[in-house]
Amino acid sequence: MSRAPAPLDRRIALGLGVVTFVVLWTTERPVGFVRDESVYFYAAEQFSRWWALLFQRPAVALSDSVITQAFDFNHEHPMLMKSLFGWSHTLFHQMLHLVRPAAGFRLPAFAVAALIPAILHLWGSVLWSRRAGLFAALSFFVVPRQFFHAHLSAFDMPVAAMWLLVVYLFWRAEEDLRFAPWTGVAFGLALATKHNAFFLPLVLTPFGVLAAWRSASADGRQLLVRMGQVAVAFLALLALLLVVKGRSGLVQSWQVLSPQTFGVVALVVALSTVAFRLRRRDPAAFLRLAPLVAMGLIGPVIFYVHWPYLWHHPVERLAWYFDFHATHVHYAWTYFGNVLRAPPFPMGYVFVVTAMTLPVSLLLPMGVGLLRTGVRNLGDLVPALGRRFGRGGPTEWLLGVNALFSILLISHPEVPHFGGVKHWFPSMPFLALLAGREFDRAAAGLSSALSLTARRGTAVSIALGAIVLLPAFTLTVHVHPYGTSAYGELAGGIPGAASLGFQRQFWSNNVTGVLPWIDANSRTGARVWLHEVNGLSFRDYQRNDMLRKDVIPANGPEDADLAAVQYHQEFREQEILVWQAFGTWVPATGLYLDETPQVVVYRRSGR
Amino acid sequence: MVKRRLPRVNETAHRLRTAAPALAMVLVALLGLGFQLQLPRAFPSDADYREVAAALASAGAPGDVVFLHPWWTERARLFMPPDLPVVGYLGHTSDDLLEHPRIWVLSNERLPRTPEADFRRNFLPDRTPMGAPRQFGPLTLTPYRNGRARRVVLSAIDAFDRLQVSVEGPAGTPAQPCQRTGSRVQCPFDASVEVAWHEVLFQPVRCLFVLPPSAGRTLSLALPDAPAADALMLEAGITWEHAWVPDRAPVDLRLESPAGVLHLRVPAGHEGFVRSETPAAAAGSWTLRLSTANPHDRQLCLRLRALGGPP
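Chains as they are written, first to last, in this note's numbering: chain A, 1 to 607; chain B, 1001 to 1311.
In case anyone wonders, no lab produced these hints; they're calculated from the structure.
Here a beta-carbon is modelled for each residue, glycine too, at the ideal position from N, C-alpha and C.
Incorrect hints may appear among the rest.
Said to hold, decoys possible - Some chain A residues judged to face chain B by a derived CB distance under 10 Å, without partners named:
1. A111
2. A239
3. L242
4. G337
5. A355
6. S361
7. E438
8. V468
9. P471
10. L475
11. Q580
12. A588
13. T596
14. V600
As the list claims (entries may be wrong) - Okay, the calculated bits of chain A under chain B, using three or more residues with CB under 8 Å as the criterion:
15. 190-204
16. 499-511
17. 568-574
Next up, chain A with everything else stripped away, as it sits in the complex (with noise of 0.2 Å):
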């Protein structure tokens, strides 16, 4: 079986892709700026100006002091998405005034965000069918959180766009040389665009070795050991300085000239070499790890090249980044009650939340999904499993641990847990095209047992598609904009999960749910205090005229006219400041979504 799509499946991908985006744009407006956005806006303007430096004085712009100046702000996220924001809102917003601010940066994030269903059409088209990648692709975005998500000038999006890339085309390539580079490519760009994109070699390594082992010749089988034993000599350092150095230590320690950075060199040098001896002896086997070394060739000099703070002190500066994200601080989280504040973390925690806010009739076909290919990837290696459900085989497996993968390393105990669902976004698009597989079976299935014509049963499976993806349509509907507080059916719905003691929301976005009110009811030159809502979100507000200008914003509930406060478990002494402070219980206004509590706004008396 080819694994290129068929022509009217590209169109029918770039039309999912072109609608996507659209639908973004068209729905982005109400869409508040949550925390660190704003920060990447600012991030992105700046980044931008540089760009207009470089341009204009280029030996001033590549100096290390102004490139540290120019990107030392928020350096704990690489730069081809907050590029890509500044780019476009220098086009579209300050030159050619098509869009208001906030839409000129978050343009390239729909963009990415609609890469998704694209590929999830092309991929689940050629897999199964037309009807199991349109699903695919449709199922992925009427998830309201995914929904939310995908309109943010943020990286959690489009490191699951960029993941779900780098793998389809690593699968692309284990057939077609050609797409080896592009693979290269898009690890290079996926590295830049989140840390996420770091595993994916992890994650990928055992498929192209495994399936060049399988078609190697016994020469080829000899080199590909070699490599082993080159990667093992490499691990067998990185222990050695485990021991030696620590974890902090191994990362604090590494300089230009430190072990660290000879076995990294050596690593890749050794590995390029094998592998070239390879392609010469054993094209078959080549073809399958070549998307691999693609990756690791391209893909750092990617990285590097795209990032100008890496320039000048490339081994301190990325040995901080790893650093950082390592050791990165835990934000409190409620959970059943519970107040997470610090790990352990309970294991159960990711399956349990991704259960709560997933529309029920997509956790149907994702859960079920999920557990066929599992038990026919288990029958690879059991044979009466095997002979009962049938067997998996490499795309599979490919799927399955791609579908795992993000769930499960967020669900170690050590791993920060805050962030709702969208720290193991990279998993969503393949539950999505496993859920896509079960919609096509079961569609099938019912023009089977109806005896359909072949229109007949394209027309069923139109009507049962539509009445699956319903419910998850009007839930995405319903609680849009204020996606971080949707939860699903099983949960009870919104005010179910605040029973249940779930986070109510997080990122402060839903404050646009009580601007109009503030705007209508504040006197002129007002002090405003957003709770939670840092003075970049806060200009931000303002300069896309969501907020009037002349307001002013407070401190905190002791120098405020109004408080506008974010319900958190977390910070209830917050809202009760405010009690202290104003002299009353008694809220003047709120966001009540379904019932619950989300913004409570009050007003100190006289004002």
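Take the given structure of chain A and dock chain B to it, following the hints.
Then chain B, alone, in the frame of chain A:
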């Protein structure tokens, strides 16, 4: 005859089996849709809340309190009479509400996953309905007699103006008096006392908010002319997230009164109030001393009340 029917039965079973995944998907989707369609019926309108408020305004009495069930249905605050306390916080079913002889339970049992078991287990003991429930849309208003209520003879927050506050050093050194500045008593060694609203394990409490003194000193709060009481109840809790901070020292409290000496310790990492009671106390003076090795994040909410019998 049997021979003729079997293939048809088999065929039907086969068709059903083949269509089962689609039917299951449709069923689940319809359940999901059904849930979404019926959910708005659980939401009270503004008019429902206004009717509740009117009912409470006409039937309410001093000392009443409104108890929200489930705890998070705080939209009610928008409508309730401003002088009527409304209690709704995570864990509130265990609150004795001892200053309130009558509790108006405002419940909404149509909401999904309403925590009924918690309500029955923690709220209902010692509470008896005082009248028939009244229905306002999906809301139910039921008055309860609070069997856990006690008469509060004196509360330290009401006697705040009479409190004599000082910081004591090691034995033999003279106590250093504190100064009243506005509504706060400011003391040496960064200590202070004021009456304020704060949170103790999600519970909003108006209490004596105490910043303990640094440098190993002890804060002393004395009330020279306290009345006789059936019991003195001392409660102390670290406010907000400071309670959780690990590896911190405990806070030690010592209450001297005509009833004797009462020791109380807020252990490290303890969230919520720690409570203790003395036996009956004659009229006389109370002196409360407290100290901790980690004063900066041991911000304390204190309640000291002289209690009588049931109201």
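Cross-check of the supplied hints:
no.	hint	in the structure
1	A111	violated, 31 Å
2	A239	violated, 31 Å
3	L242	violated, 27 Å
4	G337	holds, 6 Å
5	A355	violated, 13 Å
6	S361	holds, 4 Å
7	E438	holds, 7 Å
8	V468	holds, 5 Å
9	P471	holds, 3 Å
10	L475	holds, 7 Å
11	Q580	holds, 4 Å
12	A588	holds, 8 Å
13	T596	holds, 6 Å
14	V600	holds, 7 Å
15	190-204	violated (count 0)
16	499-511	holds (count 3)
17	568-574	holds (count 4)
Checked against the numbered hints given earlier, this structure breaks hints 1, 2, 3, 5, 15; the rest are met.
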